[in-house]
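Residue numbers (this note's numbering), protein chains in the order written: chain F, 1 to 438; chain H, 439 to 741; chain L, 742 to 1028.
Honestly, the hints are just simulated from the structure, not real lab data. Every residue gets a Cβ at the ideal spot worked out from N, C-alpha and C, and that includes glycine. Any given hint might turn out to be false.
Lysine-lysine pairs mimicking DSSO-like chemistry, simulated, CA-CA at most 30 Å apart [what the hints assert, rightly or not]:
#1 L/K942 to H/K459
#2 F/K390 to F/K253
#3 H/K553 to L/K942
#4 F/K174 to F/K377
Short derived list, chain H residues pointing at chain F, Cβ under 7 Å [what the hints assert, rightly or not]:
#5 L495
#6 F496
#7 G584
#8 P688
#9 Q707
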Amino acid sequence: MIQITSRRAPVLRRAAAVVAAGALVPGLAACSDSPTNAGGATASVKAGTDGTDDGSRITLWTRAPLEKQAKLLVSAYNASHENQVALTVVPNDDYVAKVGAAAGSNSLPDLFAADIVYVPNFVKQGLFQDISANIDALSYKDEINKGHLTAGTADGKEHVLPFVLDLSVMMWNKDLFKEAGLDPDKAPTTLAEFASDAKKVQGLNKSGTYGTATGLNCGGCEVFTWFPSVWADGESVMNEAGTEANFTSDSAKAVFSTWRDLWKSGAVLPSSKNEAGPTWTAGFTDGKVGIMPYPATLLSSTTGFDVGVAGIPGSKGGESTFVGGDGIGVSKDSKKAAQAWNFLSWLMSEKAQVGVLAKDNDVVSRGDLANNEYSQKDDRLVKINEVAAKGQTPVSLNFQQAYNAPGSPWLSLTRDQVIGSAGDLSKQNAAITAILGQ
Amino acid sequence: MTTSTVPQAVRPMMRRRRRQKAAVGWLYAAPMTLIVVGLFVLPLLLVLQMSASNWPLFGGNQGVNFPQNFVRAVSSPRFVPAIVFTVQYTVIATVLLLLLGLGLALLVQESSRWKGFLRTAILVPSALGLASASLLFYVLYSPLVGPFAGLTNSLGIDLLGTPVSALWSTVFLIVWRFSGFYMLLMLVGLQGVPEELYEAARTDGATSWQIFRGVTLPLLRPTLALTSVLAITGSLLAFDQFYILTKGGPDNSTLTVVQLIYNSAFQGQNDLGVAGALSVIVLIALVIINAIQLKAFRAPDEE
Amino acid sequence: MTAIASRAPREVSLARARHLKRLPYYVATAAIAVVFLYPMVWTLISSFSPQPGTNQTAGWGIGNYLTLQRYQDGIVQYFLNSLLETGICVVLTLVVSLFGGYAFARFSFPGKRILFGATLAILMVPYASLLIPLYVLLNRVSLGNSLIGVALVLTMLQLPFSIFMMRNAFESIPPELDEAAEIDGCNSFTLLFRVLLPAVKPGMITVGLFAFLAAWNDFLAPLILLNDSTKATLPLAVANLRGQVQGVVDYGATEAGVVVLALPCVALFLILQRHYVRGFLSGAFKG
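In isolation and in its complexed conformation, chain F is listed as follows (with noise of 0.2 Å):
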């Protein structure tokens, strides 16, 4: 008995609430079992340029790197609307199985982020609405970061806004560099003076501390900091489509024989050999090593001692940046599009970008408001809205298959490449290949 009122009373609160709503849901999605949406197919959303401010309650997920960011503006956000939204943090490594199991049963919240490499997936599976029709409405849309448009863009339609950029970043601690007779206003302009950088560092022979760090067993640590350098190249990692890779290219080939040069001579913080991630920058932080890519949003942890900030170069001189972050949309399951959308927009508008994410020293991600009063106080974010523009967001859809997971073929080759046998790259790039074309 009490089985059979407690499994109609949903269904029946549900259905009313679509009514209610004045929805038509194809198919009757509130009493058919099976999860739906499957191929790729979304809805569209239609809201005025702004979306709605009634009042509504909206629930927003982001992984804990994020945090910080999503609570400023969610608070700057409530603070200044009608609508509230309700966030919610979930751990790093757990997120793709949080939105796992709750895409699976129609349950997603209304706006979610997602890491910007996941991001084309998640969209080609159809878990977020198309939103064309709103951006394209945004008289700033050209301004937009192009790359995590890009990637949450299929068959032309898009799904996705940046919420927060984090770029990689050459950082260098200037009182190590001062110690080690470098000079420290000058930034490393290729990969072979990054090497002789550490290394001059490396030979100040201080106890615990090293030229520079990495993390040689997390494979989203090496993608942030190691794709840049090929890029700086004028060469790519991927081909268009993201199916195949090519780390044959002598760009490569010249970021890994760097690391594995530096690794030989003992220049790198040890225990950046098992490091898989969760420290993988704390040695810079605590001013125990001398240079090394690092993400920009931890610009601010870098207390104690000063800190010069350049892109990422590559061999043969230019710099580029991994335009990493999240990319937020709308959900599938979202029944309040028109009011997520509200807080989509306010996102994109100089209040959020300026007045919010750019107050506490975050990149903005409208190239027109990159120059901002907050910027100007410090030339270290200058340089990083300026890196931002040179920099690249791979798009595929394995990507975390390929790269991120632990024990990727990506992993495999590196690990291989740079403190292991050192043999045959095309085989193990073919195996990287392999994983991107499925």
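Given the coordinates of chain F, work out where chains H and L should sit on it, guided by the hints.
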């Protein structure tokens, strides 16, 4: 058999009573049945269905594809290494836990104040959740802030860095966390050995080793059966400790079967079908292993 | 003290010699105690100690605990959530296993063996693979995103241990007791509550304590099954806190989190230790 001695007229009444009693028994078992069926059997059936279907994490059920998931699960390059590692870990953990459990139990068996303190000290870690304990050791093993950082760094050891050290560091955590529990189970078993038997053996002039082998061990048989079933099942399903400490690294050397299931579902492949197939394989393997074990430990007179 | 003082000098020196002979024993066993206690003591101490990259960079203090308090809805809210979730799980586990153990020990009914087998099989299925189906099912009965739903799942996970335990506890009571009570006019219900319950109390304390420890510390079930961060439990909050920007670990907050997670468990364990051990001893494990 007993019914033959009962007068004819009483039989239907007894049958009714028995039926009544069975109904009452069911009534008492109803709450747990509800939970077992609703929260275990039904989900398990869904796992079975997943294992036989094309079921991407984000896409939902796309129809039957049996036995493709099983083929893909078994032919994955990680499958055999994961099984080998899981079995290796299980053997090490089980042997250590049983030996230490029994050894510690013998050590603290009699009651004295010092032994009471020892017992408590050994038992306290079992109050921690496995996840908390893993987090605790994650910090403890850290080459940056751990208390042994200076020592290990100067010796050039990375506690979670090489396949061998990562395995033993994890084993140490498990031994630390579970020894007390196994010690307690062994203590209970030892309590069941009648004192007279020891005395009889002593008067026969047996050495303590002979007593241990001839009296204690045989009578501990049921306890050993239970503890080894628990240790083996628990170790074969090991997840939390590796998930937090090593994530299967370095170089997939500490990838357990359950971590492989988790990775197939949530880290990359995002394929619930393959994850379901792996789960079914694990379930079948465990049922067989446990059946063999219980049979092997059954005393001869119990048949 | 007085006993030693009144002893003859020769006897005292003998006792001292005996102690001295046992010195290696004391050293060895003390070392064992240190091995088991050190990790927890170290964590407790270093959660107050100054460390770079945490909220307690200079001097000793409670900076790391303030990080916990400032996190989203604050640690108090998460503590209360955990308490609620754990409380429901403990009560459910006790009730269900009391009735279930009684049914298994004292009644024969069709399907008994299958039910027992199915219960033990819970131990043999990887927990992680059940979570997605559980998510789907709980949502369908409106228990998704609720602490009650999580508590139900945790109760299910406790069943193999608690049913096994309670069955054996009931079995260790001589059946003559039942017969005598039945003659006194007890039905099965009054028999259970008036006569048998006091006898299985140690077993119930052990079962309850186990349920508490398991529910209090569980991470995966609340992670997958809860959506609102206002409903999050302690282990979830601690895991969230651990990963800062770019997944960098805040060791200080992690240590403080482990301490907050562990304190209630260790305290409860020490309070109930005697009963807990007796629960095991009450003929619980006969294989």
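Hint check results:
Of the pairs offered as hints, the one joining L/K942 and H/K459 holds, with about 24 Å between alpha carbons and a cut-off of 30 Å not exceeded. Restraint check for F/K390 and F/K253: satisfied, since their Cα atoms lie roughly 22 Å apart, inside the 30 Å limit. In summary, the hint linking H/K553 to L/K942 is supported, as the alpha carbons are separated by about 26 Å, within the 30 Å threshold. A threshold of 30 Å between alpha carbons decides the hint, and for F/K174 with F/K377 the separation of about 19 Å falls inside it, so the pair holds.
For H/L495, the shortest C-beta to C-beta distance to chain F is roughly 4 Å, which falls under 7 Å, so the interface hint holds. A hinted interface residue such as H/F496 counts as satisfied when its beta carbon comes closer than 7 Å to some beta carbon of chain F; here the least separation is about 4 Å, so the hint holds. Contact between H/G584 and chain F, as hinted, is not supported at the beta carbon level, the nearest pair being about 11 Å apart and thus beyond 7 Å. Given hint, H/P688 at the interface with chain F, holds; its Cβ is 5 Å from that chain's nearest Cβ, closer than 7 Å.
Satisfaction of the interface hint for H/Q707 is found here, the shortest Cβ-Cβ separation to chain F being roughly 6 Å, below the 7 Å cut-off.
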